[in-house]
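K.L.:
The primary structure of each chain is shown beneath.
Protein chains: 2
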Amino acid sequence: MTQSSPRKVTRADVARLAGVSDAVVSYTLNGGAPVAPATAQRVREAVATLGYRPNQAARALKSGSASTLVLVVPDGDDPVFANAFFSEFASAIEAAARRRGYALYTTASSLESEQLLTRFHEFASRQVDGVLVLPAGAPLDVSALDAVGIPWLQLNTATPQPGLASLGVDLRAGAIEATRHLIEHGHRSIGYVGEPNTDELRYLGWMEACTDAGVAPGPFIATELTRIGGYRAGLALAVDDDRPSALFVASDRTALGLLRAFHERRIDVPGDVAMVAFDGSWETEYSWPALSSVRQPIEAMADSAVRRVLERSDADLTHEVFAGELVLRNSCGQH
Amino acid sequence: MTQSSPRKVTRADVARLAGVSDAVVSYTLNGGAPVAPATAQRVREAVATLGYRPNQAARALKSGSASTLVLVVPDGDDPVFANAFFSEFASAIEAAARRRGYALYTTASSLESEQLLTRFHEFASRQVDGVLVLPAGAPLDVSALDAVGIPWLQLNTATPQPGLASLGVDLRAGAIEATRHLIEHGHRSIGYVGEPNTDELRYLGWMEACTDAGVAPGPFIATELTRIGGYRAGLALAVDDDRPSALFVASDRTALGLLRAFHERRIDVPGDVAMVAFDGSWETEYSWPALSSVRQPIEAMADSAVRRVLERSDADLTHEVFAGELVLRNSCGQH
Chain U
0 MTQSSPRKVT RADVARLAGV SDAVVSYTLN GGAPVAPATA QRVREAVATL GYRPNQAARA
60 LKSGSASTLV LVVPDGDDPV FANAFFSEFA SAIEAAARRR GYALYTTASS LESEQLLTRF
120 HEFASRQVDG VLVLPAGAPL DVSALDAVGI PWLQLNTATP QPGLASLGVD LRAGAIEATR
180 HLIEHGHRSI GYVGEPNTDE LRYLGWMEAC TDAGVAPGPF IATELTRIGG YRAGLALAVD
240 DDRPSALFVA SDRTALGLLR AFHERRIDVP GDVAMVAFDG SWETEYSWPA LSSVRQPIEA
300 MADSAVRRVL ERSDADLTHE VFAGELVLRN SCGQH
Chain V
0 MTQSSPRKVT RADVARLAGV SDAVVSYTLN GGAPVAPATA QRVREAVATL GYRPNQAARA
60 LKSGSASTLV LVVPDGDDPV FANAFFSEFA SAIEAAARRR GYALYTTASS LESEQLLTRF
120 HEFASRQVDG VLVLPAGAPL DVSALDAVGI PWLQLNTATP QPGLASLGVD LRAGAIEATR
180 HLIEHGHRSI GYVGEPNTDE LRYLGWMEAC TDAGVAPGPF IATELTRIGG YRAGLALAVD
240 DDRPSALFVA SDRTALGLLR AFHERRIDVP GDVAMVAFDG SWETEYSWPA LSSVRQPIEA
300 MADSAVRRVL ERSDADLTHE VFAGELVLRN SCGQH
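Those protein sequences? They're chains U and V, same order as listed.
With numbering that gives the first Met the number 0, letter number 246 in the first sequence gets 245, and the count goes up by one each step, no holes.
With numbering that gives the first Met the number 0, letter number 195 in the second sequence gets 194, and the count goes up by one each step, no holes.
Just so you know, these hints were derived from the structure itself, not from any lab.
Predicted, not measured: the structure shown is a model, and the values here were computed from it.
Some hints here could point you the wrong way.
As the list claims (entries may be wrong) - FRET-style restraints, in silico, Cβ to Cβ:
| no. | chain 1 | residue 1 | chain 2 | residue 2 | range |
| --- | --- | --- | --- | --- | --- |
| 1 | V | Asp239 | U | Arg97 | 51 to 59 Å |
| 2 | V | Leu327 | U | Val238 | 21 to 29 Å |
| 3 | V | Asp240 | U | Glu263 | 31 to 39 Å |
| 4 | V | Thr210 | U | Val238 | 48 to 56 Å |
| 5 | U | Gln160 | V | Asp239 | 56 to 64 Å |
| 6 | V | Arg98 | U | Ala137 | 18 to 26 Å |
Stated by the list, open to error - Listing some non-contacts, in silico: residues in chain U with all C-beta distances to chain V over 12 Å:
| no. | residue |
| --- | --- |
| 7 | Ala81 |
| 8 | Pro159 |
| 9 | Glu176 |
| 10 | Ala212 |
| 11 | Arg252 |
| 12 | Leu316 |
We put the CB at the ideal spot given by N, CA and C, even for glycine.
Looking at chain U on its own, in the form it has when it is part of the complex:
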């Protein structure tokens, strides 16, 4: 990676050797205008012969932009992309960035204030055009991140936070719709499997739908929103004499863990227990039975996230809410 040549090879040297203009060298290496394949080949050979390294770092210093976005995902023991919803979402963000001529780089980071701030400085100093953060739960230090001076937006956000540009799906409305669907089809004991947090919006939506319909909500099975968390919840429900006839489950992968436990314990879904999940990733289509789930509109969210972070003005420090869509498959028993 070290440059040992006494004089730095320039673009002009490459142009001379290839017999083209400086501009054609630039077009070949950076795009901007079409270059005939044979000409491009000549330029590349000249680049290789001379050991030319087009210095984007230097150019980025001048232009202040390198046409890149960064997606920050939480690091940790449970790899974020083992969550099918997040991997689909990241792919949609990448596609949305590319449509606007930006490359997306995804990187995992601790979301602890100090570490994330260090990463933001790293991004800003590399002239990254915008950062999208997939939060892990705890609130971020918004003013410290803003002070770095790079436009950023928080994805997957449930509730507005003053001064924070964010977006997310309407968890509460989605939970209400899922629970109501189970109620409308005759269920009178509907459990909720979700995180141990009674302020959480899916919990509140489930509670509200039950209460509005005069159905006593319960049981609430608190667990991690992971496959193994769902599996453990399923094993507990399997030996529960008061097992509800239906479950609203806070995430697809939690539901996938429940399904595994129910299969192992020969509890039929939807015959013994009907289920509606949340997220609507591909997992819901290829599980057995296929899962009814509230689908997050990942393409629309990805498109808005990229657009907003690129256009970001100080006026855009708002929270944007997207509606989920209840997709009915087999696990709720009606289809």
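Knowing the structure of chain U, use the given hints to seat chain V on it.
P.N.:
The following block gives chain V in isolation, referenced to the frame of chain U:
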């Protein structure tokens, strides 16, 4: 993103305002030595007050290194991280890079020669320390990529290519082991579901294991290695009067699609058809039935990939082969 101040704010300005040395400013922003939280806070406030942007692009120019690796994954309609194996592999690579003090950035790219070369120039000019490429099938233009001058290594590679630093799992040996397992448990008609390519090593391994055991290999069901490809293959097998009693399936997600079709058509796995898959991602543990599969040793491969690309010398243009491990679950019917 524009700097409108008449004179550029320097690290010395920040140090003065925060009442610390230049070195402490650097430690706070870039690591390298511990800084007391209160001091770090003062430095950060000074950074915010002055609008200082530590210019890593400029520093990268000097040091020739920014302590980053890039993982290139193929773009395309079928998002690579919707493949559970690849998302687990990427997470393992990220962990291996972090253990060595490197940040990993993952980016999708066309793997067409011209486009990939443009991306390599982009990486090199940003002083990226190494690139790992997850290939999509067609061979890369090794000499053109080498000419960029950035160390790189090709992952997920089946066969050595002269001059190419690469690694991958032993597909043929894994296929032989999987097929033999089915033969040892009495199956005498073992189909193969895989890509329409009779030079492919999993195909050849299946063929070899059958032939060695005096079992006529077949049928060969050619399909895409995707969930929908597996689903289509499963629908075809469901109406096949000569359906084999066992299948070796070239990837987990293909097997997942087969399972969906078999469930829908009430074909019991493993009762009617036993199955062994390939890759061994989390999908195999949470499908129903759980899939027996040849597990790729992703942690060992990730560790070696990162180590090799960071240590890379011109002597290391070799192909490294890893052994898969047959993990037995329920789909093969014996456990």
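K.L.:
For each hint, tell me whether it holds in the structure or not.
P.N.:
Against the structure, the hints:
1. Asp239/V x Arg97/U: 51 to 59 Å: With a Cβ separation near 41 Å, Asp239/V and Arg97/U fall outside 51 to 59 Å, so the hint is violated.
2. Leu327/V x Val238/U: 21 to 29 Å: Holds, at about 27 Å.
3. Asp240/V x Glu263/U: 31 to 39 Å: 33 Å, holds
4. Thr210/V x Val238/U: 48 to 56 Å: Between Thr210/V and Val238/U, where Cβ atoms are some 49 Å apart, the hint holds.
5. Gln160/U x Asp239/V: 56 to 64 Å: 57 Å Cβ-Cβ, so the 56 to 64 Å window holds.
6. Arg98/V x Ala137/U: 18 to 26 Å: Between Arg98/V and Ala137/U, where Cβ atoms are some 24 Å apart, the hint holds.
7. Ala81: 6 Å, violated
8. Pro159: 24 Å, holds
9. Glu176: 26 Å, holds
10. Ala212: 32 Å, holds
11. Arg252: Answer for Arg252/U: violated, closest chain V Cβ roughly 8 Å.
12. Leu316: 17 Å, holds
This entry does not satisfy hints 1, 7 and 11, going by the numbered hints stated previously.
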